[in-house]
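Peer 1: Sequence:
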Amino acid sequence: MIEITNSTLNKFILVTRAVLIAAIGMVFPPAFLFLPAIFVGEAISGGVMNAFSLFFVANALLTMISLNYAIIVFTLFGPMILVFHWMMHKNYDQNSTVVLAAVMFFISIFVTSYSYGVSPEMLKSKEVLESFIQIQNNMSIEKLSTAEWTMLYNRSLQLMPAMLVIISLLLSYVTYHLSIRKLILKQGLKLNYQPFIYFNLPKGILFVGAFSIAVLYSFGDILFESPNLVIENLILVFSSILFLLGMSVIMFILNKIKAGRFIKILVTLFGFLVPGAQFIFIAMGILDNIFNFRRLA
Numbered sequence: 000m001i002e003i004t005n006s007t008l009n010k011f012i013l014v015t016r017a018v019l020i021a022a023i024g025m026v027f028p029p030a031f032l033f034l035p036a037i038f039v040g041e042a043i044s045g046g047v048m049n050a051f052s053l054f055f056v057a058n059a060l061l062t063m064i065s066l067n068y069a070i071i072v073f074t075l076f077g078p079m080i081l082v083f084h085w086m087m088h089k090n091y092d093q094n095s096t097v098v099l100a101a102v103m104f105f106i107s108i109f110v111t112s113y114s115y116g117v118s119p120e121m122l123k124s125k126e127v128l129e130s131f132i133q134i135q136n137n138m139s140i141e142k143l144s145t146a147e148w149t150m151l152y153n154r155s156l157q158l159m160p161a162m163l164v165i166i167s168l169l170l171s172y173v174t175y176h177l178s179i180r181k182l183i184l185k186q187g188l189k190l191n192y193q194p195f196i197y198f199n200l201p202k203g204i205l206f207v208g209a210f211s212i213a214v215l216y217s218f219g220d221i222l223f224e225s226p227n228l229v230i231e232n233l234i235l236v237f238s239s240i241l242f243l244l245g246m247s248v249i250m251f252i253l254n255k256i257k258a259g260r261f262i263k264i265l266v267t268l269f270g271f272l273v274p275g276a277q278f279i280f281i282a283m284g285i286l287d288n289i290f291n292f293r294r295l296a
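The opening position of the sequence shown corresponds to residue 0 in numbering that gives the first Met the number 0, with each subsequent residue numbered one higher.
It should be emphasised that the hints constitute simulated quantities derived from the structure, not laboratory data. Every value quoted in this text rests on a predicted model; they were computed, and no experiment measured them. Ideal Cβ placement from N, Cα and C applies to all residues, glycine included. Don't take each hint at face value.
Stated by the list, open to error - DEER-style ranges, computed between Cβ atoms:
(1) Glu-224 with Lys-10: 43 to 53 Å
(2) Thr-149 with Asn-49: 43 to 53 Å
(3) Lys-142 with Thr-74: 14 to 24 Å
(4) Ile-252 with Ala-146: 29 to 39 Å
(5) Pro-194 with Ser-144: 39 to 49 Å
(6) Phe-261 with Lys-123: 22 to 32 Å
(7) Ile-196 with Ala-146: 21 to 31 Å
(8) Pro-194 with Phe-55: 28 to 38 Å
(9) Phe-195 with Thr-149: 37 to 47 Å
(10) Pro-194 with Tyr-91: 27 to 37 Å
(11) Met-48 with Phe-210: 23 to 33 Å
(12) Phe-269 with Leu-8: 14 to 24 Å
(13) Lys-123 with Ile-252: 22 to 32 Å
(14) Leu-265 with Leu-19: 27 to 37 Å
Claimed, not checked - Under the rule of at most 30 Å between Cα atoms (straight-line distance), these lysine-lysine pairs were calculated in the DSBU-like manner:
(15) Lys-255 with Lys-181
(16) Lys-185 with Lys-263
(17) Lys-123 with Lys-142
(18) Lys-255 with Lys-202
(19) Lys-181 with Lys-257
(20) Lys-257 with Lys-185
(21) Lys-89 with Lys-202
(22) Lys-89 with Lys-10
(23) Lys-185 with Lys-10
(24) Lys-185 with Lys-255
(25) Lys-181 with Lys-263
(26) Lys-89 with Lys-185
(27) Lys-181 with Lys-10
(28) Lys-181 with Lys-89
(29) Lys-263 with Lys-202
(30) Lys-257 with Lys-202
(31) Lys-125 with Lys-142
Please work from the sequences and hints to get the whole structure.
Peer 2: Set out below in structure tokens:
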């Protein structure tokens, strides 16, 4: 009887936490980074049917906020949770699991967007642009001209494919990281886990990136209407991945010299906030992909 009560309480806490995260996500989207991991860990430890039923209950409760919002959350994260469970249950390696789950989330974004009528044509419409400018003028402390807001909005649309890829990869990696840590710490399961300080990329990633950009530069006019935009999106994706790789290397070095948490936080903030610091991290990522500093250490 006690076990049933504890199990029911744990499920109630899990669902409540998920609903709160989703509710916060309406006004603070980064909160969604912590949502899928709740159900992925539950799927591995308690079974996929149990986890998905709890996910369904959480979304049913979200209908009290908005039916459409609950449907969006379900269609965005449901397929990703299933992919994670299948890949981890089959003991696939970390990189394959993260990439495939990210691809599924990326596809879910487009399926959900198109099902609600959100298309490139709609985003480029005059009405949407005017609404964007109106909202920004009402919210922003510093007023920009209509031309400046228009340029900023159009630039955001141009780089949106890369941003969606980066968001998908980041969400997938964080979900994998949090799920594995929970299973190891709370369930005591022995799983193949690679902490962030050992994050690495396949050796051929630099060649693939350089080759892709070279092909697009040479034959992009044949393949795409705006090849330069495709190249810019590719550069943004690869540079973001290399930035994280460089940060991983620096965190590894700080860990080796037993630097305090405060120093690590300062270095992280330095990498994200100081203009130009990103190039240092990217350079570290490139060098590590070539020489593998951590293996030498």
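Peer 1: Under the constraints set out in the numbered hints, which ones does this structure not fulfil?
Peer 2: Checked against the structure, the hints that fail are numbers 3, 4, 6, 7, 10, 11, 12 and 13, while the rest are satisfied.
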